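S.K.: Each chain, letter by letter, is given below.
2 protein chains.
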Amino acid sequence: MSVSACRADEKAAGPRLGAEPHEDGVDVAVAAARRLIGALLRAGDQSGADMAEIAAQLDAVTDRLTERAPTVRERLAVMWRGEGVTRHDPVTGPENALAPPLRLHGKDDGSVEGVVTLDLPYQGPPGHVHGGISALLLDHTLGMANHWSGPSGMTAELTLRYLRPTPLFEPLTVTARQVSVDGARIRTEGAISAGGRTCVTAEGLFIDKQLPRPS
Amino acid sequence: MSVSACRADEKAAGPRLGAEPHEDGVDVAVAAARRLIGALLRAGDQSGADMAEIAAQLDAVTDRLTERAPTVRERLAVMWRGEGVTRHDPVTGPENALAPPLRLHGKDDGSVEGVVTLDLPYQGPPGHVHGGISALLLDHTLGMANHWSGPSGMTAELTLRYLRPTPLFEPLTVTARQVSVDGARIRTEGAISAGGRTCVTAEGLFIDKQLPRPS
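As you go down the protein sequences, you meet chains A and B in turn. Note that the working numbering has the first sequence beginning at 28, numbered continuously upward. Note that the working numbering has the second sequence beginning at 28, numbered continuously upward.
No lab work stands behind these hints, which were simulated from the structure alone. Quick caveat: nothing in here was measured; it's all calculated off a predicted structure. The beta-carbon is built from N, C-alpha and C at its ideal position, and this holds for glycine as well. Any given hint could be a false lead.
What the hints assert, rightly or not - Cβ pair distances, simulated, as ranges: (1) A:Gly75 <-> B:Thr144: 33 to 43 Å; (2) A:Thr200 <-> B:Asp136: 38 to 48 Å; (3) A:Asp51 <-> B:Asp90: 16 to 26 Å; (4) B:Thr144 <-> A:Glu101: 18 to 28 Å; (5) A:Glu94 <-> B:Pro239: 43 to 53 Å; (6) B:Thr225 <-> A:Pro198: 36 to 46 Å; (7) A:Arg224 <-> B:Ser207: 23 to 33 Å; (8) A:Ser207 <-> B:Asp136: 37 to 47 Å; (9) A:Thr144 <-> B:Pro194: 28 to 38 Å; (10) A:Gly109 <-> B:Val99: 36 to 46 Å.
Let's have the full structure, built from the sequences with the hints guiding it.
M.R.: See below:
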């Protein structure tokens, strides 16, 4: 797909929520780490590669990063400044190799939506998404729906209903919308669907408060 | 801690559930990939490292693995043979760099328990575990409690209650036990606690059926 086609798609989908990935800096190395996680799981012990040698190479990179890394405290302070908030989470964060990543867009009707295809690292039952991974995607997407359309806060209660197995290797649509706000109590709903069929639904109760940001 | 102390602990905790990590082969490279994910997030753009060079090195490893990897179909068939089942999941799997990994033990009273300390990749609110990550750990642990003590199956419904924020950087105890079996309907409960205080509870309804294994 050409860059202009991508841009047109983004426009149709509504503004992107969360951090834009950068074309340089750590995001590039994280994207490579994400490909590596998938390749390791795909290879298993069937590729004939020298895994001890690969481990040594990866450890050398880790050592290089660690040597000059800030302390955890310094890093937390920077992470939580400005855009930092959404750069590092395990669902959408371009700095987090755990994140598939899911790209969410805010829509005019107050809902949010994203499309993601998951591979072997996210597997639960054979060829299907782990139920806990669906919970992770939905918890995060419900939280982003709150950010997009009204007050937001921390998850107090989350109920997931698994209607049918969620497939790996095909596009999943993840949606959520805030349904009510009563004082500090926020109710939000969402779902994951594949090929137009709902696989998992989520209902969340959020409380309008935030933990202090580290400084 | 010495190896013998570890062994004594394992004995006290009950038999280990899930796959034992190997000291060679892909598990070693996956453990290194896991350290790398943490180091990238810890470094961010503050380490001064040449991230384009690091990305190129990681991509070279990925290419080497991919060249001789089995097809997805072949790989799925091997994954789901024998012990394969628990080698690759995103919570306990030694072949999956997404997994913290959590190590679960089966206890005489039918419950299961594990202790895990989570770092920056698992962050939601500042300095605390992402609510969706707690859901992922609990969904999996409830499933393992079913395997340990009775019939097991797929998650149909999961309700999480977040009582207080779950801290990063300190040991979390994750527990679960099967509470009832009524025909194909299995009810299971679990919790995550830190420093003796419960942070998150989970109630799950599971249905005693399995998806077919790929062959």
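S.K.: Compare the structure with each hint and give your call.
M.R.: Hint-by-hint comparison with the structure:
For the hinted restraint 33 to 43 Å between Gly75 (chain A) and Thr144 (chain B), the CB-CB distance of approximately 34 Å keeps it satisfied. One distance hint, 38 to 48 Å for the beta-carbon pair Thr200 (chain A) and Asp136 (chain B), holds here, with the actual separation near 42 Å. Remark: the range hint 16 to 26 Å for Asp51 (chain A) to Asp90 (chain B) is upheld by a beta-carbon distance near 21 Å. The hint said 18 to 28 Å for the Cβ distance between Thr144 (chain B) and Glu101 (chain A), and at roughly 20 Å that hint holds.
A hinted range of 43 to 53 Å holds for the C-beta pair Glu94 (chain A) and Pro239 (chain B), which are about 49 Å apart. For Thr225 (chain B) and Pro198 (chain A), the hinted distance range of 36 to 46 Å is satisfied, since their beta carbons lie about 38 Å from each other. For the hinted restraint 23 to 33 Å between Arg224 (chain A) and Ser207 (chain B), the CB-CB distance of approximately 30 Å keeps it satisfied. Between Ser207 (chain A) and Asp136 (chain B) the C-beta distance comes to about 41 Å, which sits within the given range of 37 to 47 Å.
About 33 Å separates the C-beta atoms of Thr144 (chain A) and Pro194 (chain B), a value consistent with the hinted range of 28 to 38 Å. Checked against the hint of 36 to 46 Å, the pair Gly109 (chain A) and Val99 (chain B) passes, with Cβ atoms roughly 40 Å apart.
In summary, this structure violates none of the numbered hints.
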